[in-house]
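So you can see what is in the structure, the chains are spelled out below.
Protein chains: 2
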Amino acid sequence: MKKISDSSTTKSSSQKTRYVYNFGEQTDGNASMRELLGGKGANLAEMAAIGLPVPPGFTVSTDVCTYFYAHGRSYPKTLAKDVEVAVKSVAKQMKREFGGRDNPLLVSVRSGARDSMPGMMDTILNLGLNDETVEGLASISDNPRFAWDCYRRFIQMYGDVVMGVQALNEESECPFHALLDNMKTSLGKELDNELTAEELQELVQRYKKLIADKTGKSFPQDVYEQLWGAVGAVFGSWKNDRAILYRSQYGIPAEWGTAVNIQAMVFGNAGDDSGTGVAFTRDPATGEKVFYGEYLTNAQGEDVVAGVRTPKPIAAMAKELPKNFTDLEKVRTRLEKHFKDMQDFEFTIENGRLFILQTRNGKRTGLAAIRIAVELNKEKLIDQKTALLKIPAESVDTLLVPVFDAKAQKEAKLICTGLPAGPGAATGRIAFTAAQAEIEARKGNKVILCRSETSPDDLKGMLHSQGILTTRGGVSSHAALVARQLGKVCICGAADITINYERKTLTANGITLKEGDYISINGTTGSVYQGLIESADSEVKRVLEGTMKASESYTYELFNTVMEWSDKYRKLRIRTNADTPAMAQTAVAYGAEGIGLCRTEHMFFEGSRIDDMRQMILAVDGVQRREALKKLLPMQRKDFVGLFKAMAGRPVTIRLLDPPLHEFLPQDDAVRRQLADKLGLPLEFVIDRIKALHEENPMLGCRGCRLGILYPEITEMQVQAIFEAAAELLTAKKPVEVHPEIMIPLVGFKAELADQLAIVHRIAEQVMTRKKIKFKYMVGTMVEVPRAAITADEIAEHAEFFSFGTNDLTQTTLGLSRDDMGLFYDEYQQKEIYSKNPFASLDKTGVGKLMQFAVTNGQKTRKDLKLGICGEHAGDPDSIDFCHNLGLQYVSCSPPRVPIARLAAAQAALRAAK
Amino acid sequence: MKKISDSSTTKSSSQKTRYVYNFGEQTDGNASMRELLGGKGANLAEMAAIGLPVPPGFTVSTDVCTYFYAHGRSYPKTLAKDVEVAVKSVAKQMKREFGGRDNPLLVSVRSGARDSMPGMMDTILNLGLNDETVEGLASISDNPRFAWDCYRRFIQMYGDVVMGVQALNEESECPFHALLDNMKTSLGKELDNELTAEELQELVQRYKKLIADKTGKSFPQDVYEQLWGAVGAVFGSWKNDRAILYRSQYGIPAEWGTAVNIQAMVFGNAGDDSGTGVAFTRDPATGEKVFYGEYLTNAQGEDVVAGVRTPKPIAAMAKELPKNFTDLEKVRTRLEKHFKDMQDFEFTIENGRLFILQTRNGKRTGLAAIRIAVELNKEKLIDQKTALLKIPAESVDTLLVPVFDAKAQKEAKLICTGLPAGPGAATGRIAFTAAQAEIEARKGNKVILCRSETSPDDLKGMLHSQGILTTRGGVSSHAALVARQLGKVCICGAADITINYERKTLTANGITLKEGDYISINGTTGSVYQGLIESADSEVKRVLEGTMKASESYTYELFNTVMEWSDKYRKLRIRTNADTPAMAQTAVAYGAEGIGLCRTEHMFFEGSRIDDMRQMILAVDGVQRREALKKLLPMQRKDFVGLFKAMAGRPVTIRLLDPPLHEFLPQDDAVRRQLADKLGLPLEFVIDRIKALHEENPMLGCRGCRLGILYPEITEMQVQAIFEAAAELLTAKKPVEVHPEIMIPLVGFKAELADQLAIVHRIAEQVMTRKKIKFKYMVGTMVEVPRAAITADEIAEHAEFFSFGTNDLTQTTLGLSRDDMGLFYDEYQQKEIYSKNPFASLDKTGVGKLMQFAVTNGQKTRKDLKLGICGEHAGDPDSIDFCHNLGLQYVSCSPPRVPIARLAAAQAALRAAK
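These protein sequence lines map, in sequence, to chains L and C. Using full-length UniProt numbering, the letters of the first sequence map in sequence onto residues 1 to 914. Using full-length UniProt numbering, the letters of the second sequence map in sequence onto residues 1 to 914.
Any given hint could be a false lead.
A pair counts as met if it fits within one copy or between any two copies, since identical chains are not told apart.
Stated by the list, open to error - Capping the alpha-carbon separation at 25 Å, the derived lysine-lysine pairs in PhoX-like fashion look like this:
#1 Lys860 to Lys844
#2 Lys504 to Lys446
#3 Lys831 to Lys568
#4 Lys691 to Lys504
#5 Lys849 to Lys860
#6 Lys863 to Lys849
#7 Lys337 to Lys772
#8 Lys849 to Lys776
No lab work stands behind these hints, which were simulated from the structure alone.
Required output: the full structure, derived from the provided sequences and hints.
If you want it as C-alpha cells, here you go:
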C-alpha cells in the first residue's frame, strides 16, 4: 500500500519551490530532512516510509515560516492550493471528508522545529469539528458523548491558542476551565468524564459565547478557516516569549523557524479498547535498557500530559491490552534499530488499533546520555564515533559533581532559587565575609560564603568554602567565574535574598538565617535550602582519588570508556588553568596534559604573603620595592617547585603578574590601619597611595605587561623564581623534567613584549650561569586585546606562542565589561541581540574573526608558532569546536572541565572529518 | 675645481653598501638624500655642489647608525678603511695632514638626523689636536695662544662627551669649568681670553690630569682613536635621554637614526679678521623678510651659543666686516633661491675668508611659517601647493588663540609650569569647584577653574571658565580633552601645585593663593602666573566676528589666503563637533561644512534640566521614566531647532545619549539629599539607585546604544525632538533646510542597530504624519568598538553611514583607558613603546587597520556608505592624512581645529597626489 513518491509525482512541484510534504500512502520526506520538515515531520515521514502505523498527514515546511516572517505574516501564493490537495489526499486515505457532515476528517496541527522545543509552541487537536461535523462524529462513533467532548476540547484549545481568549483574560485562571468547573459544581459532579453528551453540548454553547464576548468574533464554522487559523497560530508561536527564551537558553537560532504538521486525528478516547501513551525505548533518567513510559485508556494525549488522571506505567499494558503491548514492544525495537538511538514516542490505540503519532530522539539526563551511547555501541548498533557524537559534552560533568542525597533534598526546606552558576551540591555554615569563612574552615567546619557579590579580596574565603551564594551578578560574575575555576558549587543572583551585613543575617521569603546557621545549595538547579543536606563526592572522583575501586563503579566504567574513546579521536591537546599543586593534581587525574594558564597573582594572597605584596605595592621607589620582592622570591620559587612537581614534566605556562595592583590593597579602613601599623607607615600615606592607584576603568588600566614595564623588578623576581625552581628540580637527586613557558600578559605592541623578553632572557642566563645548568623555556604572550590580534605578524617576531585570553579579548572587542553587563543583559537576551552569552560561548563572528586573523598572520611570521586558548571559553564545547577548526594546538580550561574538553575536542575532530 | 663624483668613481662602492659620502671637491650626495645623510649632511653636499664655500668633509650615513644599534654598538667591517680614505681626501683638499705635526688637519664631528634635533645630540670640535699637533697649529697660525685655546676646548669637549667626565661627576658644576675658574681667580683675571698661551698650556695639563683621575684613562693622543671615540659618542647620543624625549615630543621614529658629519675645521677665533655667526634669511619669529642673526668676531661657534660673550646683531657686520657682509648677503639670497625656503645657516670667517658650515630650513613660529609660505609664493619662488606643504598645519592655531600682552606677561610672577594642554592665554579668579566657577561667572567675573582633576560633573563649571588648571592628569586627561573641545585654555598636571579644598587655597613654590584671587595661565607654554594679565582675542577671530576689518589685519590676510588655497586642494569635507548653536556658529565661521558629532548628553547638564534628567534616571519603571522624559522633550527640541538654524542647511549628525547614566548623578552627599528632597524620594532610595548604577568599568558598561535598548523611551524622546525640530523649521515662515543624521553609539552587533533603527523610523513616520510633511534623514552608527569594525559588512546592512569614534576605538583596541594611562605613560614614553600618544595621533598599525577593514567591508555591503571620523584624531594633521588615504568623506573636529583640519586635508590631498 505505502509507496515513496516517485519522480513523476514530484516533477511538477520541482519546477517551483515545494512547501508541502506528504506522509502516509505517499511519502515525500525522510529523517534526513530535519531542516526543512522539522524533527517531528521528518520522523513521521521516516516512520511512514518504513511501514510503521502512522496516521496520514503532511508537513508545511520551515521555508514557509521564513517566508511568513519576511512578508508580514503572509504565505506564499501557491500554498493554499497545495494544502487543499494534501488535505484531500489525507481524507481519501482515511476514507473521510474534511468538513464532511457524515464522515468527517479531523486533524491535528502541530509545530515541529529542527530541534525539539517541547511545550514551547502551540498545538491544536480535533480540528475540523463544527456544529455539523460533531453530529457526524457522534453518529459514526456511535458515541455522542465522545463527539461532544472532542468538540468542547477543540473549542477550548482553539479559543486559547488561535483566538487568544486566555491572553485577553486578566485573571490567571483559564476562563474555559472556570466554565467547566462551574458546570461540574452546579451538577454536583467531580470528574470531567461524568458529564453527559447533553451537558457537554451545553458547555460548547457556553464556550462559544465566551469566545464571542471576549474577542468580539464568533468561533469559525468553516473548517479551512479553522485550519489556516491554526497554521498561523503555530507559525506565530515561533516568536512567543517562551520560545524565544528557550532558544536563547539552548542556542537555537531564530532563523531556523518551525514547520507545521497536519495529521489525521486518531482517538484514544473512543472507548475502553482505546488509549494513548508516551514511551521511551530506554530509561531517560538513568539510561538503563528498560521499556519506560506511561499510558491511559480511553483518553487523548493531552490527558497524559495534563495530569488530570494519573497514567499507568507502561508495564501494566501487558495485562490490560496484551495484544497492543506486544505490538508496542515490536515498535520499540524497530524504532531503536532504525533510528539507532533512544526514542521518545507517542502512540494512540483507537478501538484496538495501534498508531504511532510521533517519535524523536529522547531527551535524557547527562548520565543517561553517556550510558545509552556506550551501551548502543556495546550492542553494535552504533560505532564509537557515532556514540561520542551522541553525548552532549557537558553531560560528563554530571558524573563528576558532588550530589545531594535525593531523599534528603526533597525533605529540605526550599528558601528560594538563583542562577545555577557552579554545578554540584554543597552544604555548610553561613559566612558573610571571607575572613569569617576562613575562621569557620580552620575550625574544620564546612562553609557557604554568602555575599551580595564577591571581589578578588574574597578569593581566600572562597577557597575555604564549600560553595558560594551571591544575591547579585549573573553566571558570568566574579563569583561564578572563580567558583567554576575552583570547581566550587555556586549560585548567583539569588535576588530574593537580602543580606544584612551589620546584623549578620540573610532573609528570603520570610525566612531569616544567621551567620553560622546551616544552608545548602544545589548549583545544578539553583535551589537554596535551609539547613544541612548531606552530599558526597561522585563515584568517578572517588575512583580517581583511589577511595573506590574502579571495578565497583559502573559510572566510572562509563566515564572511562568515553574518555578513552575521546583521547583516541581528538587532535587538540587539553591543558588546564591551575595555580596550585592541588589543582594541578586534580586536573592531571582528569586527564590534563599540561598547564595552559597559571595565574601567579593568586599566589600572592596566601598567608602572610599578602603583607609582603602590599609592602611591595606601597614602596615609594625601586629600592624599597626590591626589598619587598626579595621576601616574596623564595615563596614564589616554592610555588613553582610544587607546580612543576605536580605536572611531572608536562608543559607549564606561567603568566606573569596581571591584575591592577589596587586589587591587592585593602578596601576596609580597619585593615588599612593594621597594614599601616605593620609596615610602620603613616595611615595617611597608605590611604593616599591607595587613592593614587585608583582607576576609572581598571580593566583597561595599569595591569598586565604594563606592570612589568613600569616595575621591571617584579618581572625579574617572578622569572627568577621560575628559573630557580626549574634548576632546583633538574638538579635534584631524582630529577624532574620541567618545561616552563613564560607568558607576558596584555601585550598590544611588539615593543612591550621585546621589553619584557629582554628581562626574561637576561635572568635566564644569570640563573643558568649561577646554577651551572642549561634548561629550555619558551616565552610567549596572551592575545587578549584586539591590537595584539591585529598586529599578530609583528608580535610573533618576539612570541614563541600565543595563548588566546578570550575573556578579556571578548571584553575589549565588544567594549563590554563582564562585571557590568548585568544592568542590560536581560533585555538583550529578551531581544535576542546576542545569540549566546559571549562570555560563555565564543562570539565567532567578532572575536573569532580576530582570532582567525591572529592565527593566520602570526603563523606567517613564525611557522611553528604555538597556539592555544586559556579563556573561560576553552571549557565550552561549542568554542572548543571552533578552536579545533581554527587549528589551535591546545585548549586550557579549569580542572573540572578537563573531561568535558576531552570529549568536546574529540567531537570537534569527528565533525570536522565528516 | 668642484666636481660631482661621476659613475666611474662610485662604481667600486656600488658593489657594496656605501657608508661614506664626501663633500667638497668631490661631492657624492645632494639635498634629496636626507634619509641617508641626515639634513645637515645632505645640505652640506648640496651647498658644496652649487659652489658655496663649504669646508670639505664627509658624512657617515644613517645606515651605519642602524648597523651600530643592531650589532651591539659595532661598525660595518669596511667602514674604517672608507673613513681613512675620506679623511685623507679632506686633508689633501685643505693641504693639511690629519695628525701631522707640521700642518695638522683639525675636524669637527657632528650629528645630523633626517629632521633637525637642535642641541639634543653631541658635537666635538677641534678634533685632531694632541700634544704634538698643537705645536704645529701654533706655528702655522703664528698664534700659540690660539692653538692652546683650541686644544683646551677640545680636551674639555672630548672629556665631557666621549669620556663622560661630567656624567661621572656628582656635583652639578662642570669640573673643567671649575679648573678654568680657579686658574682665572688665582691669576686675578676675569675673561677667558685674558689667559696667555703658557697659562693655557698649564690648564691643558690640569685638564688631562682631571680626565685621568676621573676615568682612569688618559686623554688619547692618537688622532684616529680620537675620531672613532667621537663618532661612537655621536651615534650613542641618538639614544640619550634628551634625544628620546625630543623624539617622543616631535614624533620622530627611533628607527631613523643619525648620520655623522666629519668636516675640516675653520677658525673664527683665528684673530680679529675672523668671526662666526648664525643667520636666518628671514625673521623666524614673525616671518618678516629681513636679514636676521648674530655674530661674534674672533670666536668659535660655541661661544655664540653659550652666551659667554653677547653677540652682535648681524646688521652690525655691515660696518665691522663690510666685505664679508656683502658676501654673506649674497649667500643669503643664493641659499633662499636655491632651497626655496627660509634658511638658518652658520658661517665662519677665518682670516677674512667666509665659510658656510651648515644650512637648514629654519625653525619658525607658526605665524612665521604661514607668513613665509605665503610670501615665498608672492615672490614666485614656490607655487601654492608647495607653500601649503611648508606650513605645519598646527601653526594655524597660533593665529586663532587669544594671547597675553607680551610685556605684561614678562612682568608677571611665574608660579610654576604644567603641561600645555589647551593653547591660548587666560586670566581670571580662582574657583575650586564647578559651582563656584558658575557663581563667579554669573557675577560677570572671569574664572579659572582649578582642580586636582576634572570629571563630567565639572562640565558646567568648565563652560563658565576662561581656563582650566589641573594638578593631575596629562594632555589626554578629561580636563584637556574637554578644554580643547570647548576651545578653552588649559594647563594640566601642574604637579607643583597643592590644592587644599577645605581651606580653599592653592600653594606652589611658597606662594599661596585663595579662592577669588587672580591667576593667569598660558596654555601654549604651560606657564602659570600670579595675578591678572590682560589677554585679547586674536585678530583673525576679531575679523571673523566682525569687530575688526579684514583689510586692517595682515594676519587675517595670511589666514584667509591659506584657507582659500586649502579649500581649493582638499578632498575631505570638514565638519565640527558641536553641541550648542554658539559652538556651531564659531565652527561655521572657521569654515565647518556640517556637524559631525553633536553630543546630546551635554544638553542635559544645563539649568534645571539636570534635575529632570536625574528624575528620569531614578525612575523605577517606564511610566515614571516617560513622565520625566516628557519634560525634557521640549528642551531637546529647542536645542535642535537652535542647532539646525545655526547650521543653515548643512548636515547635522546627532548622536543619541551615550554616557553611563551615573555620570549624571551627584557624587556629593549634600547634593544627593537636595535631589531626594526635590524629587520627594527617600534619601536611601536615591543612594541605593546610585549604588546600583555603579560600574566597575563604566567605559565598557551600560552606555551607548545599550541605554537606548534598555530604555527605548529615551531614544523615542530624542528622535522625536530631532524630527519635530526639523518639521518646525521646514514649515516655518522662512523655511530652513534641515539634514539630520541620527547616529546610534557603541554598536557592536547589527541587531543593536536594527533595534534602534526600528524606533527611529517609527517615530519619523509618526512625526511626518502628524506634521503633514515629508523630510529626509539618515541613520548610521559610530564605529567605536572593534567588533563594529570587524562585522562592518553586517552592520552596513542597517547603517547608512559610519562615523569612526576613534577615542573609544583606541581605548578598546588597545585595552587602554585614556583616563588611567597616566600611571605608566611616562615610562612608556621613556622606553618609546608607543611611537606617539595613541590618543593624540591615530595608531595606524592597530586602530588604523581596523578602520581599513571596516571601510572595505562596509562598502562591500553598501556601495554609497558615508564615511567620516569624529574622534579627537579628526583634528590631528597626521591622522587627517591617514583618513584621506583611507577614503573617508569627512573629518569632524572641535571648532577651533577646523582651520587646521582644512589645511591638513589639503596637505593630505597634495601628498597623495605626489
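**Request:** Go through the numbered hints given earlier and state which of them the structure violates, listing their numbers in rising order.
**Result:** Violated: hints 3, 7, 8.
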